[in-house]
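Spelled out, the chains give:
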Amino acid sequence: MIRLDRDNVPLLFLIGALIPTTIFLVIQAVNDPALFLETLIKALGLGAVYALIALGFVLIFKATQTVNFAQGALAAAGALFVSFLVADEHIPFTTVPNPLINIGPEWLGWGLSVLVALIFAALLGLIIERITIRPMVGEPLFSVAVITLGLEIVLRVFNNDTVKTEFRALEIPWGNGGTTVGGAFINYSVIAALITAVVAFVGVFFFYRSKTGIAMRAVAFDQEAAMAQGINVGRVFAIAWAAGAVLAAIGGIFATQPPVKQTGAVEPETANIAFRALPAVILGGLDSATGALLGGLIVGLAEIFAGQYAAGESDWLGAGYPVIVPYIVMIIGLLVRPYGLFGTPEIRRV
Amino acid sequence: MRKLTGLLALLLAFSLVAAACGSSDGDDGASTDDGASSDDSASSDDDAMAEDEGDDAVAEGDILTGLGVDAENKVIRVGLNADLSGTFAALTTVIVEGQQVFWEKVNAEGGINGWTVEPVVLDNAYDVPTHLENYDVMSGDGAESVVMLTNSTGSPHTAAISEALVDDDLLAIPLSWYSGWTDPTIGQNVFEVQANYCIEAMNGVTYMSEQHGNKVAIAGFPGDYGEDGSLGAKVAAEALGLEIVYDGQAQVIPGADQTPIITGIVESGADFVWLTTGPGQTAEIIGGAAAGGYEGQWAGNSPAWNPALLGTDLGPVLDASYTHSTYTTLWGIGDSPGMKDLIDTMRELRPDAIADDVYIISWIEGLIAQQVLEQAISNGDITRAGVLAAANEIEVDLMGLAPNQSWGGEPNDSIVRGTYLYDIDASVFTPDGTVTDDDANRGYTLLEADYVSPTAAEWDYEPCFKAE
Amino acid sequence: MFGRPNLYTSYEQESQIFSTWTQKVLAAFGILLLFLLPFDIPAITTKIPGTGWLADIPVLGRVFSWSIGDGIPLVRFLGDADWLRPMTTVFMLAIAALGLNILSGVAGQVSLGHAFFMGVGACTGVFLGGESSEALYGLGLPIWIWLPGAGIAAVLIGIIVSPVAVKLRGLYLAIVTLGLVFVGIHLGNTSWGRKIAGPPALGRKYPELDIRLWKEEDPLINVSDDGRWLWFDVTDAQKRYLLYLVLAIAFAFVAKNIIRSRTGRALQAIRDRDIAAEVMGVPEFKYKLIAFAISSFFAGVAGALFAALSGQILAEAFGLFLSVEFIAILLIGGAGTTSGTLIGTFFVVMIPQFVEEITKWLDKSEGPIGGTVGELILTDGSGDLGVINTSTVTPGWTLSVFDWNIVLFGVLIIVFLIVEPLGLFGIWVKVRNYWKRWPFSY
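These protein sequences, in sequence, are chains S, Y and W. Quick note: to get my numbering, add 402 to the position in the first sequence (first position is 1). Quick note: to get my numbering, add 483 to the position in the second sequence (first position is 1). Quick note: to get my numbering, add 130 to the position in the third sequence (first position is 1).
Be a bit skeptical, because a hint or two may be false.
Unchecked claim - Calculated lysine-lysine pairs in the DSS-like style (CA-CA distance at most 30 Å, straight line):
#: 1; chain 1: Y; residue 1: Lys949; chain 2: Y; residue 2: Lys557
#: 2; chain 1: W; residue 1: Lys297; chain 2: W; residue 2: Lys154
#: 3; chain 1: W; residue 1: Lys490; chain 2: S; residue 2: Lys566
#: 4; chain 1: W; residue 1: Lys297; chain 2: W; residue 2: Lys560
#: 5; chain 1: W; residue 1: Lys490; chain 2: Y; residue 2: Lys588
#: 6; chain 1: Y; residue 1: Lys949; chain 2: W; residue 2: Lys566
#: 7; chain 1: Y; residue 1: Lys588; chain 2: Y; residue 2: Lys557
#: 8; chain 1: W; residue 1: Lys297; chain 2: W; residue 2: Lys325
#: 9; chain 1: S; residue 1: Lys566; chain 2: Y; residue 2: Lys588
#: 10; chain 1: W; residue 1: Lys154; chain 2: W; residue 2: Lys416
#: 11; chain 1: Y; residue 1: Lys823; chain 2: Y; residue 2: Lys588
#: 12; chain 1: W; residue 1: Lys297; chain 2: W; residue 2: Lys416
#: 13; chain 1: Y; residue 1: Lys698; chain 2: S; residue 2: Lys566
#: 14; chain 1: W; residue 1: Lys416; chain 2: W; residue 2: Lys566
#: 15; chain 1: Y; residue 1: Lys949; chain 2: W; residue 2: Lys154
#: 16; chain 1: W; residue 1: Lys386; chain 2: W; residue 2: Lys416
#: 17; chain 1: W; residue 1: Lys560; chain 2: W; residue 2: Lys386
#: 18; chain 1: W; residue 1: Lys490; chain 2: W; residue 2: Lys154
#: 19; chain 1: W; residue 1: Lys154; chain 2: Y; residue 2: Lys557
Unchecked claim - Partial selection, computed: residues in chain Y whose CB lies under 8 Å from chain W:
#: 20; residue: Ser568
#: 21; residue: Ala608
#: 22; residue: Val611
#: 23; residue: Gly625
#: 24; residue: Ala642
#: 25; residue: Ala643
#: 26; residue: Asp707
#: 27; residue: Tyr708
#: 28; residue: Ile816
#: 29; residue: Gly817
#: 30; residue: Asp818
#: 31; residue: Pro820
#: 32; residue: Asp943
#: 33; residue: Ala950
#: 34; residue: Glu951
To be verified - Listed next, with one range per pair, are the computed distances between beta-carbon atoms:
#: 35; chain 1: W; residue 1: Gly270; chain 2: S; residue 2: Ala712; range: 56 to 64 Å
#: 36; chain 1: Y; residue 1: Asp835; chain 2: S; residue 2: Asn433; range: 58 to 66 Å
#: 37; chain 1: W; residue 1: Asp402; chain 2: S; residue 2: Ala712; range: 21 to 29 Å
#: 38; chain 1: Y; residue 1: Glu693; chain 2: S; residue 2: Trp576; range: 34 to 42 Å
Derived from the structure by calculation, the hints contain no laboratory data. All C-beta atoms, glycine included, are put in the ideal place defined by N, C-alpha and C.
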């Protein structure tokens, strides 16, 4: 039984707001099922991309207790690596041709090249971790977060210098194609993003039950105590950053595809996907993989459904209002649960 | 401690009162050339250009010179306050490079009547405060002072300096085609080149309606660019009796999800859509609408298009359905003397450069500055005021790159109304064609050159979009 | 007593603004210098032979170049055109940074939303002070209403936000305040937002800084045109510089005094351990609210000054980068200290100017030092050695000096955090202690 006290007021408001919204959506669904289905699939696709980026945030947070603000630049860099390998057909930063692209059928060569790109992304993560994060072991957590802000600034300059005005294509084999189900057009990329997000989530889930995963959780709990127990904190940091960068790169690849972008190409704007996904992480809870998945989906649903069904109100909501929907959802969520839906509340001692 | 604070407060109070008493004579009139009232005669720098460039114009031979001119070495400086690291850096760096090539060529050929032109390039980072900082330097009396600004990137940035331009007798060529610049109350010394966004939209919508039907959808950014274009489209639609089936004026926001606009366009069943957006949003909207089953035609203002889009997944859709509008001829198209000059010079001085259409903008800015300075020299007055007067006297011959341009007289008589329309054609697209490549083309075939629609021809000038 | 005491014998002594006479004298001298900087000052009356090379030194050469030229010798550091506006920007940003210092440095509540509060201030300023028209709201009130009004409006918004903010901790707070920045920029796109801040991407003219009693024609103090103040001719840019300087000094005193007061001590207690503070009788909610209110007031006023300096308000200007700039200012200067904040602001604003100047000098100079170094780090993009591209087109991986400036900004944040978490202030303390303990320094 929910009691009406100070802490529960936001929750009651939330429930009060959700009921009419649901009724409204049900009416819309009955009116035009095809449009509703199309919107739903699109929303899930966007949610999956958010969830992928959010998982990267969570991985790094779980090991280092810090938000990696450079996730967006890492995502763009990962997508750029793919573009180098498959569109320019050479190894990034060199003129050495990429031998993998010609292996087997088109999708195989492309898939192998993407794997190489992910390895590059992991290396980038490792290098960044070694140079800028490792010296900060034991330092205040906010300082580390600000370091990643600095990294974001630096990486963005290099990314933008590479992209210039070009749209650097990723040449995904299925392009922006799709199929029609029940009158609703569904992009193949949306399906791919959903599958990847679920696979990544399962992967992270089992990883946390492995020996390294447990070590990571120990480090997150108390770096010094973990060190005293014989855990190699540096190695844990390195693994977290490499994995986080790979997840960012995967998210970055999907961030160039529908439903996020129609071009299938890297733009300077690609890096902004992380700032769009941040509310998902916060809503789900910074240290919860489940939270990242659910947070991503909730935020994606809210953004696309608001964009589709509130378009008539855009005069007073302001043009482009979908862009702030994630943040509004996040603030409402935090009012109800200050540590996110699945986040662990910090235990405060005197 | 309290004593010190008290003392300070007293001091502050005194200085304010004293200032109040002394500040009665802040009249506008004196500020014309008095900007650097604190002894310009003392500003001689110790380096190469140790030349007194005081307020009072110096007569060099028969020619009157002032700030921005090094009379001893016969050097005239022109300023480019351009975005080299901000949002449009990728575009403007190429424009700036092109203009530097232009001056290299002019100087190598002996300059303008023996005067060398030195471009001063400063980066505004697409940031208004930085633009103002740079402007302070260019309008000042130092080694980087200039006689005119041949490039002032960005609308809010140019708007921020427009009053100071009048105070300083400087003229600026904006890298922005806002219809307001021609209005003396908005941009008296902002010398807009070519047709504005509004006229461009009138021409484009007229052309598209002749080809594809009379149901039009409109979508664009908020602000000077987006709403200028959208309003121009509306002017044409009203004059031609077209039906506006979707009105997305000011609805497209960069970085936001474009679902509301896409849905609106798809549901409207328009024959064609007029976009006043950026290339990223163009791709977003066209791709989204195509996925939603929309099969109409597309066209938009010049900045809405980027040929690199042809290399993306959307290439086939764009090839089939997009018509590009712009203000000038494009690289390698036509055999005007200006185009020949541009290509020859680029091949000689920058043989490795990618053949980029924005070099035409560089060339036009350069040609304008060159002919204005020629006129000023022949008038015997290359002070800032002299250059300004010269610019108002002449008609600039753009050598076939774009319609010729003049600024004097009534806005209605001087504005350019002709624009160029191109079909997007992937079969002629050479993504990495260099300037030495004879087939270099960024995917255009010419549909109409210097096209003036009846609506645009009869239109009485007034700013389409006004901030106030 | 000239040196800094090794032992403070009373709390009063320790919490003085300037603990020694040396400091007082230096501060007074520094303030005087700041007041004189924008003007030409006769210094050396004859040209010193053989000192021409002094003028070629980047940055420092600015002082010398005027004293050894041919004309009337002058010390003219800022000139009319060059560095006057950046220095004015320093004062304006310093006000905002001092506010954030109280919230983040002293009270430990990290906010990435400072730009948002500046934006609120700037919009209120233009609403109160701007002229109304068909498409725009405006009341046309004088500066003594719109400038404090800008601060007060920011405080009100801060108080509305604070119930959420007070509940959150650490990075959750940072990200929610980051959300405010995005929401703020979006509000500029709403139909009513653009009636206040002007249309997006074009902006709106900002009210001038002239000081009027009411809406009379002739201002009491004219700040927007060239004219005479006391016995001196001052340009509009110099007037603005002086006005901003006075405001910055006033706000610095207020900030310093807040930190020294009961409120400041309460905020520090909350920063160090909030629960412990509460146990000791410092109400957490109340003091966090106060910290938010103070910081918002500073930000609001600075936001109005920011827009007034450009003469134009543009909603997009109050974005994430501005917020990050303030975090950088605090970290580079030294979080929690007033003097550190001031130094940090100067450093962050002026570093790009220094870098550009040095690059230009390297590009031009042919001497043994400049020439060789120039060879090594500059390139024209044609494949020679060097990382700074002096040509405006940047092929390959070399960046232009403008791009390097942004990179440098990011790198400075990283390096300071790793190497010297206390910032420039920390470096200063170390240097001071080194000399004080000499010859027994460690």
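Legend entry - Status of the hint placing Asp818 of chain Y at chain W (closest C-beta pair under 8 Å): Check failed: Cβ of Asp818 of chain Y comes no nearer than 27 Å to chain W, outside 8 Å.
Inset, instruction - For the range 34 to 42 Å, tell me whether the beta carbons of Glu693 of chain Y and Trp576 of chain S fit it or not. - result: holds, 38 Å
Legend entry - 30 Å limit on alpha-carbon distance, applied to hinted pair Lys490 of chain W and Lys588 of chain Y: holds, 23 Å
Legend entry - Hint consistency between Lys297 of chain W and Lys154 of chain W [alpha-carbon to alpha-carbon, up to 30 Å]: Roughly 41 Å separates the two Cα atoms, so the pair is violated.
Inset, instruction - Using 8 Å as the Cβ threshold, decide whether Asp707 of chain Y counts as touching chain W. - result: holds, 4 Å
Inset, instruction - Mind checking the CB of Tyr708 of chain Y against every CB in chain W and telling me if the closest is under 8 Å? - result: holds, 7 Å
Inset, instruction - Would you check the hint for Lys566 of chain S and Lys588 of chain Y, treating anything up to 30 Å between C-alpha atoms as holding? - result: The hint holds at about 27 Å.
Inset, instruction - Given the hint of 56 to 64 Å, check if Gly270 of chain W and Ala712 of chain S actually sit that far apart at their C-beta atoms. - result: violated, 36 Å
Legend entry - Per-residue hint verdict: Ala608 of chain Y, partner chain W, C-beta under 8 Å: With a closest approach of 7 Å, the Ala608 of chain Y hint holds.
Inset, instruction - Hint says 21 to 29 Å; check whether the CB-CB distance for Asp402 of chain W and Ala712 of chain S agrees. - result: violated, 46 Å
Inset, instruction - Below or equal to 30 Å on CA atoms is what counts here, so check Lys588 of chain Y against Lys557 of chain Y. - result: holds, 17 Å
Legend entry - Per-residue hint verdict: Glu951 of chain Y, partner chain W, C-beta under 8 Å: holds, 5 Å
In summary, the structure is inconsistent with hints 1, 2, 4, 6, 8, 10, 13, 14, 15, 18, 19, 28, 29, 30, 31, 32, 35, 37 from the numbered list given earlier, while agreeing with the others.
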